[in-house]
Amino acid sequence: MIRIKKRWEIQESEVTPEPLYRRRREFMQAAGTIGGAMLLNPWVTAQAALQIGDYQRGVVTLDEELTEEEDATSYNNFYEFGTDKEDPKRNSKRFETDDWKIEVSGECEKPGTYDFEDLMKPFPIEERIYRLRCVEAWSMVIPWLGVPLGSILAGFQPTSKAKYVAFRTLYDPVRMPGQQRSVLNWPYREGLTIAEAMHPLTIMSVGMYGKTIPNQNGAPIRLVVPWKYGFKSIKSIVSIEFTETQPQTSWNMAAASEYGFYSNVNPEVDHPRWSQKRERRIGEIFKRDTLMFNGYAEEVAGLYDDLDLTVNF
Amino acid sequence: MWLKSAWSKPVVHLLCLLPFASLVWAGFNDGLGANPVEKLTHETGGWTLRFLLITLCLTPLRQWTGQASWIRFRRMLGLYTFFYVSCHFMIWFVADHSLDPGSMVEDIVKRPYITLGFSAFLLMVPLAITSNQAMIRRLGRKWKTLHRLVYLVILLGVLHFLWLVKADYLEPVIYAIIAMILLAHRLGPIKRLGARSSPVTR
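Chains as they are written, first to last, in the working numbering: chain A, 4 to 316; chain B, 218 to 419.
FYI, nobody ran anything at the bench for these hints, they're computed from the structure. All C-beta atoms, glycine included, are put in the ideal place defined by N, C-alpha and C. Fair warning: there could be bad hints in the mix.
[To be verified] Residues from chain A shown here face chain B by an in silico Cβ test under 7 Å; the list is partial:
| hint | residue |
| --- | --- |
| 1 | D74 |
| 2 | C111 |
| 3 | L187 |
[Stated by the list, open to error] Computed cross-link-like contacts, PhoX-like style, restricted to lysine-lysine with a CA-CA straight-line distance of at most 25 Å:
| hint | chain 1 | residue 1 | chain 2 | residue 2 |
| --- | --- | --- | --- | --- |
| 4 | A | K104 | A | K124 |
| 5 | B | K361 | B | K226 |
| 6 | B | K327 | B | K256 |
| 7 | A | K124 | A | K214 |
| 8 | B | K256 | B | K361 |
| 9 | A | K280 | B | K327 |
| 10 | B | K327 | A | K92 |
| 11 | A | K96 | A | K113 |
| 12 | A | K104 | A | K166 |
| 13 | B | K361 | A | K280 |
| 14 | B | K361 | A | K92 |
| 15 | A | K104 | A | K214 |
| 16 | A | K92 | A | K214 |
| 17 | B | K226 | A | K280 |
| 18 | A | K166 | A | K113 |
| 19 | B | K361 | B | K327 |
| 20 | A | K96 | A | K214 |
| 21 | B | K256 | A | K96 |
Sequences and hints are given; from them, build the entire structure.
Structural data, given as structure tokens:
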């Protein structure tokens with residue numbers, strides 16, 4: 004069902020030797036007239052700083068129908084831009100992601116503040132079609148564009164003390180108006196074990212549907228961990244910290260009995276208030292059965308051999 | 218006074234059907250978003266609570282304005298509440314449980330917020346059935362006692378909403394506050410009964 008191409012399966016022609024990035028500044032110079040129009044009309048905004056050039060197609064594929072792009076980009080949980088599903092698209096139109104920096108800290112040899120494009124640059128962008136299962140019991144199939152998180156993290160040379168990786172979303176209540184209400188304890192925090200973070204299925208995504216990732220989906224850079232509930236895949240990341248102890252995560256802080264640190268998709272462990280046995284695939288009326296680890300059990304079950312998943316949910 | 222005019226009832230009927238019509242229209246025009254089932258469930262649930270609160274406003278309105286005519290709309294608003302809750306229930310039964318009673322019962326037993334919502338729906342059934350003139354006459358004094366169940370229904374309905382929310386409690390809390398005010402208003406006359414007979418409520 005899931006097909007991860009081995010390195011030797013990838014055709015030479017599919018590999019882009021140097022991914023084609025263009026910085027927005029240069030892009031804007033080339034498109035001065037568009038820039039002028041933007042000054043006159045603030046609603047015309049450039050999407051994100053990163054322009055997606057070539058990418059490796061179908062590095063991970065799935066024999067399931069893709070969710071409509073319109074649905075995946077208009078039905079979002081991104082409380083930084085409002086709690087209704089339609090809010091993020093509406094309220095993130097003017098969100099600027101220029102000069103996006105990521106602060107890397109904690110147990111690693113190369114901490115520092117990095118330009119996110121510089122972090123992505125060394126690696127070819129891959130298209131990976133993943134299921135996305137929300138804790139609210141709906142799901143999608145999304146063609147992400149991104150880079151394995153492990154490749155990026157290796158560059159910071161985590162030390163032997165790095166047992167976990169903690170992520171944070173931007174905190175800026177002016178640019179992210181949803182943060183003006185304390186619906187969650189801002190900034191949004193998420194975390195993975197180092198093994199989960201280094202797993203080949205875990206990616207940092209900068210695009211979807213062949214394009215730069217829209218603001219409402221977590222521009223300019225977000226995590227995608229396909230075997231965990233969607234809220235683990237933190238958006239608009241500004242901080243990566245290697246830690247020795249398990250980091251705090253936002254939904255766990257909000258309701259520890261309902262959202263565990265692991266939050267692996269598991270039809271056998273219900274949310275205290277609703278069932279996780281079935282899910283509604285966006286675009287369908289009736290529900291379908293939820294798969295263990297969201298269908299990625301073969302790839303990831305080994306990570307949890309020593310864990311009781313009913314306790315470590 | 219427009220409350221008493223022959224036009225007022227048809228106008229209120231149209232207003233009550235407006236949410237339903239807009240949902241149907243949206244349904245046929247791709248206006249329900251990416252998850253139409255969820256949208257319809259939330260909208261019909263929301264309108265049930267709003268109609269219930271409006272229905273419960275009529276008695277206080279009669280007292281505050283001195284206009285007895287508000288009560289003309291109580292039965293129809295109550296029945297529209299029942300109409301929206303029936304839609305809410307059917308969407309859940311059909312789309313979430315594929316018309317499988319076993320699956321539905323499991324959900325009702327296992328999930329407290331569903332238990333509350335379903336109980337509220339069940340309690341509304343006798344209220345709807347006994348809303349016609351013949352039943353009012355037949356039940357006599359018992360009718361009023363029976364229809365006090367509506368106070369329990371609004372409590373269950375608001376709790377049902379509060380209990381299913383993930384983090385943003387604003388809307389259910391607003392409904393809860395309005396419900397508390399409306400219920401407290403009804404406690405007032407009961408407390409005062411011993412002191413003196415209330416001129417308006419009986």
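Quiz item: Which numbered hints are broken by the structure, listed smallest first?
Solution: Violated hints (numbers, rising): 2, 8, 10, 11, 13, 14, 17 and 19; every other hint is consistent with the structure.
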